[in-house]
Amino acid sequence: MIEIENLSFGYSRKSLLFRNLNLKLQEGHIYGLLGKNGAGKSTLLKNMVGLVSPMEGSCQVNGFDSCKRQPAMLENLYFIPEEIYMPSLTAKQFVANTAPFYPFFDEDAFYRYLSEFEVPTHAVFSKMSFGQQKKAIIAFGLATNTSALIMDEPTNGLDIPSKVQFRRIIASALTENRCIIISTHQVRDLDSLIDTLVVVHNREIVLNESLDAISERLTFTTIPESEALQALYAEDALRGKQAILPNVMGNYSKVDMELLFNAITSGNTSVTGILQRPHYEQSL
Amino acid sequence: MEFKENEPIYLQIAAHVCDQILLGKWASEDKIPSVRDLAVTFQVNPNTVMRTYEQLQNQEVIYNKRGIGFFVTPDAVQKVKAQRKERFLQQDLPAFFRNIFLLEIGLEEIQKRYEAYKTENYEQEIEQKP
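Protein sequences appear in the order of chains A and B.
According to the working numbering, the stretch in the first sequence is residues 1 to 284, in order.
According to the working numbering, the stretch in the second sequence is residues 1 to 130, in order.
The reader is advised that the hints may include incorrect statements.
To be verified - Computed list of lysine-lysine pairs in DSS-like fashion (alpha-carbon distance at most 25 Å, straight line):
no., chain 1, residue 1, chain 2, residue 2
1, A, Lys254, B, Lys118
2, A, Lys46, A, Lys92
3, A, Lys24, A, Lys92
4, A, Lys241, B, Lys85
5, A, Lys241, A, Lys254
6, B, Lys65, B, Lys85
7, B, Lys112, B, Lys79
8, A, Lys36, A, Lys46
9, A, Lys163, B, Lys4
Said to hold, decoys possible - Restraint ranges, calculated between C-beta atoms of paired labels, are given here:
no., chain 1, residue 1, chain 2, residue 2, range
10, A, Gly273, B, Lys118, 53 to 63 Å
11, B, Glu5, A, Ser12, 39 to 49 Å
12, B, Glu115, A, Asn262, 49 to 59 Å
13, A, Glu83, B, Phe96, 35 to 45 Å
14, A, Asn177, B, Ala95, 42 to 52 Å
15, B, Glu104, A, Gly267, 20 to 30 Å
16, B, Leu103, A, Arg112, 40 to 50 Å
17, B, Lys4, A, Glu83, 45 to 55 Å
Unchecked claim - Computed footprint of chain A on chain B; a stretch qualifies when at least three of its residues, placed anywhere within it, have a C-beta under 8 Å from a C-beta of chain A:
no., stretch
18, 7-19
19, 54-61
20, 111-123
Rather than coming from a laboratory, the hints here were simulated on the basis of the structure.
This one's a predicted model, so the numbers in the text were calculated from it and none came from an experiment.
Even glycine gets a Cβ: it sits at the ideal position worked out from N, Cα and C.
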C-alpha cells in the first residue's frame with residue numbers, strides 16, 4: 001500500500017528530519033502516527049502524499065512514486081492536513097468542483113456523513129467555524145473512497161459529540177482495501193480505533209507494531225513504589241507508579257499509549273528492545 | 001462505550017454477544033449485526049469485531065452464511081452456557097473454595113444459604129420447573 005524505503009529528508013541539507021527511514025503500511029488497518037512536536041509527523045505525511053520530495057530513497061503509494069504526483073496515484077489518495085483551506089462554496093458546489101478527480105467518490109455517503117456530523121449542507125464552507133469545516137472535509141475525504149486516507153490531527157477542533165461521531169464514522173469506513181493513517185496527539189480520542197502504532201522519534205521510525213502484539217509482550221499497570229525497580233519504565237502516579245513491565249505471565253492489559261509513547265521518546269531502549277525482539281527468543 | 005482495562009476488547013464484545021443470546025434478544029437462526037454495524041456501535045476498529053466473530057464461530061455460537069452475514073447457531077444457548085460453566089468451575093470456584101476454607105465455613109451452611117437464596121430470588125422460576 002504505502003512503502004517508504006531509505007527515505008532521507010530535511011528542509012535543509014544541514015539538518016535532516018529523517019535518515020534512511022523505512023516504513024510499510026498495509027490496507028485493512030488504522031494506523032496511529034505519534035511523535036513529539038517537531039519530530040516530523042506532518043513532514044512524513046507530506047512525503048507520503050507527494051507534497052514534498054525525498055532527498056534520497058523513495059516513497060510509493062500503490063506502487064506509484066508519490067513525488068511524481070501522477071493522476072493514477074492521486075485519485076486513490078486523500079490527505080487532510082491539520083490546517084485546511086476551505087473555499088467559499090457550498091457542499092454541492094464543492095462536490096461539483098472536486099469530486100470528479102476521485103473516480104470512487106460516493107455522493108450519498110458524503111451527505112450521510114455530513115448529516116451525521118450535523119454539518120449544514122446549504123451553508124458556504126468558508127463561513128463555517130473551524131470545527132465544522134474540519135468535519136466537512138473529513139466527510140468528503142471518507143466519501144472519496146480512496147484506498148489511502150491520511151489525516152493530520154483530525155480530531156483537533158472537534159467538539160465532544162463530534163469525537164464520538166468521528167469514531168463511529170471511521171469504524172464504518174475501514175474496509176479490507178483501505179489504509180487509514182491518523183497522526184495525533186490526542187490518543188485517547190482514538191483509543192479503540194487504532195490497531196497499529198507508528199512512532200517517529202530521532203529521525204527514525206522507532207515503533208511500527210500492532211496493539212495486540214504490544215499487549216502480548218508488555219504489561220501496563222500501577223505498581224507500588226517499592227516494586228518500581230522491576231519496571232522497564234515508570235512514571236509517578238496518584239498511588240505508586242504507572243509502569244510498563246515485560247508480560248511474562250501472558251495476561252492481558254490495555255496498552256497505555258501515552259505511557260508507551262513517553263517511555264519510547266524518553267530514550268528508554270528496554271521497551272523498544274522487547275518489542276523488536278523476535279518471538280522465538282522471548283519464549284527462552 | 002467504556003471497556004474494562006484488564007480484558008481484551010474483542011472478548012468483552014464476545015461476552016456482550018453471548019449475553020444477547022442468553023437473554024433471548026438474539027434467538028437461534030437470527031441474523032446478528034454485521035461486523036461493521038457492531039464496530040460502529042462500540043466505536044471500535046472493525047478488525048476487533050472480526051476477531052470476536054471468528055472466535056464465536058470457532059465456538060459454534062454463530063455461523064457465517066457467505067455473503068449474507070452471521071447467524072446464531074441452533075444450540076448457541078447450550079454452547080454459551082457450557083463455556084461459562086466451564087469457566088466458572090475453572091476460575092471462580094477455586095477462589096470461592098479458598099475463601100470458605102480459610103474462613104472455615106462448612107458446606108452445610110453454604111447449602112442452607114443457597115436454598116434460601118434460591119427461594120428468595122428465583123421463586124417463580126423454581127415453581128415453573130417440572
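Practice prompt. Any hints from earlier that this structure breaks? Give me their numbers in increasing order, please.
Written response: Per hint list: 1, 2, 3, 4, 6, 7, 13, 15, 16, 17, 19 and 20 violated.
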